[in-house]
Amino acid sequence: MPKRTIQKEDTPRMKRIIFGKGASASRGPSQGEIERRAYQIFLERGGTDGHADEDWLQAEYELRREKGQA
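Under this note's numbering, read the sequence shown as residues 547 to 616, first letter to last.
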């Protein structure tokens with residue numbers, strides 16, 4: 547990735563946005579959070595195989611919605 551030069555008009559907020567260093571809520575759920583919730587969904591469904599992708603997407607959706615990102 548090419549190195550970005552920071553111009554004088556860049557503010558600290560702009561730098562955080564550009565380089566992805568915003569508040570943790572803006573980053574979304576971590577992989578571990580999604581894994582834990584997907585496993586809970588798997589158990590709630592009775593532990594039947596064949597729905598891993600659906601469980602993952604449902605977990606990610608729920609967690610993003612909780613953090614106001616859906």
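Quick caveat, the hints were computed from the structure, so don't treat them as lab data.
Misleading hints may appear alongside valid ones.
[Claimed, not checked] Now the in silico label distances, taken between C-beta atoms and shown as ranges:
1. 590 / 610: 13 to 21 Å
2. 574 / 599: 28 to 36 Å
3. 593 / 614: 15 to 23 Å
4. 576 / 599: 13 to 21 Å
5. 597 / 577: 13 to 21 Å
6. 573 / 596: 25 to 33 Å
Values in this document were obtained by computation on a predicted structure and should not be read as measured data.
Using N, Cα and C, we set each Cβ at its ideal position, and we do this for glycine too.
In ascending order, which of the hints set out earlier in this document are inconsistent with the structure? 2 and 3
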